[in-house]
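Below, each chain spelled out in residue letters.
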Amino acid sequence: MDNILSVLVFFPAIAGLLGFVVDKGSARVYGISVATVELLLALWLWMSFDTANAGMQYVELIPLVPDFGINYYVGVDGISLFIVVMTALMTLLGMIGMSIEKEIKNMIISLLFLEMTMIGVFVALDAIVFYLFWELSLVPMLYIIGAWGGPLRIYASVKFFLYTFTGSLIMLVGMLFMAYLYNSVSGVWSFSLTDWYALVLPENYQIWLFLAFFAGFAIKVPMFPFHTWLPYAHGQAPTIGSVILAAVLLKMGTYGFVRFSLPLFPDASVMMIWPISVLAIIMVIYTAMVAYAQEDIKQVIAYSSVSHMGIIILGTFAMNAEGISGSIFLMLSHGIVSGALFMLVGVIYDRRHTKLMSEFGGLAAVMPKYAVIFGFMLMASVGLPLTIGFVGEFLVLLGFYEISPIGAILGGTTIIIGAIYMLTVYKRTFFGPVTNEKNKTLPDLNGKELTALVPLVAIVIWLGVYPKPVLGPIDTSVKALISFMHEKARSDIAKDTITLSKSVKEAK
Amino acid sequence: MLEPISVSLASLNMATLAPMLIAIAGGLIILIIDLFKSNLHKSLYVMLTILILFVDFGSTLGLSVNERGFFDVMLIDGIAIISQLLILAASMLFIPLALTSKRFHEYSYPEFFALFLFMIAGFQFMVASDNLILIFVGLETASLSLYTLIALHNRSNSYEAAVKYFTMGALAAGFYAMGSAVVYALTGSVELYQVSNVLQGRVDEAGIMIAILGGSVLLMAAFAFKLSLFPFHTWTPDVYEGASAALAGYMSVVPKIAALVVAMRIFGMYIDLGVDWVSTMIIVLAVLTMTLANVMALVQEDVKRMLAYSSISHAGFVMAAIALDTTKGNTGVFLYYALFMFTNLGAFTMLWISRHKNRVYHERYDHPYEKFAGLIKIMPMGAVLMALFMLSLAGVPPFSVFWGKIYIMSAAVDAGYVWLAIVMGLNSAIAAYYYLKLIVYMFLHDPRENDGTLYYNLSKPLMTIIGIAVAATVASVFFMQPLVSYIYYMVSASGY
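Protein chains in written order, with the numbering used here: chain S, 1 to 508; chain B, 1001 to 1496.
For reference, chain S alone in the conformation it holds in the complex (with noise of 0.2 Å):
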């Protein structure tokens, strides 16, 4: 099947429209079964994937409007390949741990066109197709937030949709400057990725570009000092969006910086590593002291969400194998972490009402199946080595050493102080006696939850033993991708800075 990405991009899209037919008894299990489907078109992609080509793969190519450059164009990488699986995945478990009844065929009916809109933004080839997606993908999270979110849900959903609408204008007048330029060199339209790869533009158009680009990315990450948006949507946020938030939707950001900035811009990237790194690294170490500081547990989880997305950055301009790969596989641990981190916050939230660290205690004794189940996942967000969290973290620290020893060793507090935060929720929430009287009664984890956690779990420790069969692919486009952008820079700095790692050298 080789148009299998386009049938991944509008099934869920037509799903939703005939979505509008169902019962409203019935649309939870029709949602879960559609994506249950994507979940295994997903699947079938990933195996039928060749992992030995670092290109793009299942290629397609529609003219929508020629005279202007602009053509409906997806194709996958090893890049691009596990955010689409993942992005399947977490929206399936979602929907099954899902326990919102108020509007249910409505609340499905968005996550469907989610989903589109996410996988498409992830295998768009086409700036404008890819920007498409990436507005689109306001719209139903608007919604979600807005709809079934806390008291604060209109503000929350509205500076969530003004603040990424207006970063992503700029990157659009970016994205026609850069059509404009492929225009006077080569005399077409094209605004296709491919064929603006192969610019090579002089350094100061770089750096606007870079600077525009950023806009829009940087807010959608969202990096320091842009992420004040975040705290509100994550807090406001019902569970089921806070999940898709911190899974799928921050990681359009990285991934934009992955697939866009450095090829498109290769010596900007490298002028502005140290810039980028600052805010990075005050993004992880600031974002953690304040997830500390908060009582709330979803918003510790929401801060150290923040915090872990400084490092992915970090990660991305190490400008080399071990930190792109590393950063790349941390989107995805990262997506799977924090996902079940604020579905696990869920649970509790739906059997009390109250995500006040203060108004729990004791839990671990009262509900031992959800006790294990959370401290599987909070090991896995510090980072324990053999689970998920640590082959991204030591890869991308690893890579950011070469820049930077201090860099590095900044970055590395966030497995310190993330071990801090996060175990001071663990001892107040679970350890110590039951003090509250209403805590005495909760049930454990229902099949429902089980069902959308377990297999998390599972995937935390498995991709924590073996990463390799992700590992491999991505590592293969990553190397395809910096051995280009090595070729691509103008300058010697850039040429220097951007090498697959000594390590790797040696060894061959």
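The hints are simulated quantities; they were obtained by calculation from the structure and are not laboratory data.
All the given hints hold, so there is nothing to weed out.
Which chain S residues face chain B? A few, computed with CB under 10 Å, are given here:
no.	residue
1	D67
2	I70
3	V129
4	L132
5	W134
6	V139
7	Y143
8	F161
9	F165
10	G167
11	V173
Note that beta-carbon positions come from the ideal geometry of N, C-alpha and C, so glycine has one too.
Dock chain B against chain S, hints included.
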């Protein structure tokens, strides 16, 4: 004894006049029918009008590019043809809106439809000529008909709106006449191509620049009124509020297309002559218009007034494209309106079908935001459609206005105005807030008191129009290519 004038009919090239004559004849036919038998139902007149417009559309489509006729005052070039087609298409979409389920005063008069057709003829004269006098005649024919159409809505604030528009329009006409007089004084001609030739030779003369600037400023003021550019925009929200929602939607598209074509002819000429000041002036006005109108729209409490300010902002956005004076920019103008037309008419139609005879929800406004609170729970389909129109107006891809936006922004980037493209982008972000506000009300608020009569004015013909608008808004990506290539061809064929 004067020589008898002999003019051969062939040299008049009457085909160039055919579209306007069809509209005028159609208007007369409607009046004659009324003479013979009065009290006929409005549906007859609506269908007759559509048929007349259809014939008109056909005759426009059959015109060949770059012809002159009728003592050379008619100029049928590419932009004349495209703009007439757009005007006729928008009019055909507009007129079925008369077929509401409730009776409205204005549609019981056949004169409404006759005036409507005369107005279209006026717009057609405006765009199909480069003679300043004929443009003026067309402009006034169209405007006088439009004032009457507004006043026919039979509400006290409709009269207020009509009088306000009339006064402002008269002032604009005065500016226009004075500007044309200055042009005539400088060049001895009112034909733009001759004006251009004469000015070409005189542009280096000492002191002439002041006169050229004076003329251009007067003309600019006239068109700023018509296009509702800042600071001449203050009439717009009141007039839109007083007019029926359907007519307001129409006014935000068709008169603007006509005025933009004339602006393109006149100011394009100045920019070609190297009068850079004109393009600076247009850009400054355009930027101020889109920004200030956006800021004003943020604080409106009524959806119709919000849409009025939003249409001012869109007009500013498009006006900036004229200052670029590139083929791509001018193509963008038509492309933008071709796409904006469907969405905007759709949005105003949604207001029109929710129009009550009395103000049920607010003592001052017909369509306060609260009216639409919780619509998703009352009428999910209506809420989704309105949200689609709002997202399209906000420039969210893949809906129609987005394509117009990127085309114009791309034209600005190509012409070296990257900062202008960024300003346009930031303005779209500001605008997103007020469109979002309606979506937030519809989707995220709980319904207020609901008597089940929100879409009280709904009828099958109106549903059809909304269906067409939705289809065009959603599927725009699929007809972008033919549309762009046709418009680009037409614009470049006429040398703009």
